[in-house]
Amino acid sequence: MIIDTQGLAKRYGRTDALVDLTMRVEPGEVFGFLGPNGAGKTTAVKLLLGLARPSGGGGSVLDAPLGDRVARRRVGYLPELFRYQPWLRAREVLELHARLAGGLDRSPAALDPILDEVGLLDRAADAVGGFSKGMQQRLGLGVALLGSPALVILDEPTSALDPVGRADVRAIIRRARDAGTTVFLNSHLLTEVERVCDRVAIVDRGRVLASGRLDDLLGEGSVRIRASDLPNDARAGLARFGRLAPTDDDGWLSIAGVQPDAIPDVVAAIVAAGGRVHAVDPGRATLEDRYFELITGRAEATGETPG
Amino acid sequence: MAALTIAGLTIAEIFRRRIAWILLGLTLASVLLTTWGVDRLVSTGRGHGVTDLEVYVATSQILILVAFMFSFVLAMTAAFLGAPAIAADLESGVAQAMLARPIRRSDLVVGRWLGLAAVVIAYALASGLLEIVAIGFVSGYYPPQPFLASGFLAAQAVVLLTFALLLSTRLPAIAAGAICVVLFGLGWMAGVFAVVGRFFDAGPLVTASEASRWLLPSDGLWRGAIYGLEPPAVIFVTLGRAGPAAAANPFFAAAPPPTEFVAWSAVWVVIVLGLAVISLRRRDL
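In the order they appear, the protein sequences are chains A and B.
Sequential numbering from 1 applies to the first sequence in our numbering.
Sequential numbering from 1 applies to the second sequence in our numbering.
One chain only, chain A, in its complex shape:
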């Protein structure tokens, strides 16, 4: 198990930053940790890394107690406040963290690919103080990826990036996962999470409201198809893919309960039966729908507006 927490709690004075965090992150997955501002996401990350002490509960990271120094050798971290020594050059920041990480390779052969990966190879000799926020965040991502860690914890990794930068980060996350790295992605950007994460946990006010595989969280899919020339018996045969609704006045045929990967099969069956397909509209609750449903539901239960 990469991350395993049970009832993790953190209290700052009279404020509960985290109440009861129980979650498991499996090896090789991209795990999205979603929640509104102030939900306790960064607090959870700090507890995982030993930067803060839990007030209750416990857990493990890479099968070692939270904050274990030896386990941190195999963890990369991009903080929400990504700040690095402004007087150092980008390459020197990586060299520093390679030293602190326990003597990682600091040669250009080891660092250049990372600088290239985050798009800073041509700025490697420039002082960090002259970097834009986006460039500093890219550098932080490079620092987190140093030494191909077993676990990378990214706290809001695209907060300072433009759309191109965000796409780059998604690609980097996918490549890291393909290389066997587990990614813990802390974010409030739903579309980012939806695009790259295998599993997610949605938190609010220090509690996990829902967690699981993205498909499970989003619930069943559906599809609307506008088809013509479809024989009635063929129409009845489509029931094997899901719950068939009558065709509406505009010629749209709806099937509920269709998993996304079965949609091509539905289209193929219509065509094979002699039908002509004019449009396909895969319908599904988005993560945003589910997120608002959970957050709003909780707010209504507690009589407050969602934050």
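There's no promise every hint is true.
[What the hints assert, rightly or not] Simulated restraints on C-beta separations:
(1) 38/A / 214/B: 45 to 55 Å
(2) 20/B / 12/A: 34 to 44 Å
(3) 8/B / 12/A: 14 to 24 Å
(4) 289/A / 8/B: 48 to 58 Å
Just so you know, the hints here were simulated from the structure itself, not pulled from any lab data.
A quick note: this is a predicted structure, and the numbers were derived from the prediction, not measured.
Ideal Cβ placement from N, Cα and C applies to all residues, glycine included.
Use these hints to put chain B onto chain A, whose structure you have.
What follows is chain B alone, placed relative to chain A:
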């Protein structure tokens, strides 16, 4: 090992951010100006028939006053280098990125201390000895124990640096620096109260002042610097004329600080550094 990496980083920062060069420039300017002043005084005195002995005595006292200025500059330098050493990194987030690495929090504190102490000691020794050599060149007077004097100046700065570092683990940089400077001043005044109080036999005042000297040993170490600069002849004559009253002069020292006090100062630094480690270790970042 990580502590040495952070010590190296600290020294590199002081040079890259031009702090070292600014200090060096200011020191050279101070040495040039004070040396020029001494040169003018000595030349003028000799023109008026002042003897070499009188020149030596006058120069030795001027050198002690210059050393006092340097001790103040060193104290400020130590306080304002130590105060942000941890606090600024915590406020900016730089420390969190480093402490997520497999290093101990003690590595950060000890590394910072090692780097800053190396700079402060080098600066104290270099500036102190340069001043002594420059004034000796124009006046012909060299104090009896220049290395001892510079060493005590450096030790005083290390005490303040260590205290600033402790405060830096909990307080914002500006607050830590301000507290350090105020306590340095109070410590010096406590030293003055102690010697004057002893002359007037003011028991409670002496006890309180002595206690403060042990709580923050900067002033006691400053006395060691004075002793290293004081010519034996001045000590002999001053004690002969003023007797015990001579001790009330904050710029006069007839004897070095007791060995146990010097040893305590070293232990004090270790204890305060340990407290800084504990303080940071117990803090949520």
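Results of checking the hints against the structure:
1. 38/A / 214/B: 45 to 55 Å: holds, 48 Å
2. 20/B / 12/A: 34 to 44 Å: holds, 39 Å
3. 8/B / 12/A: 14 to 24 Å: violated, 35 Å
4. 289/A / 8/B: 48 to 58 Å: The hint (48 to 58 Å, Cβ to Cβ) holds, given that residue 289/A and residue 8/B are roughly 53 Å apart.
Taken one by one, the earlier hints fail for this structure only at number 3.
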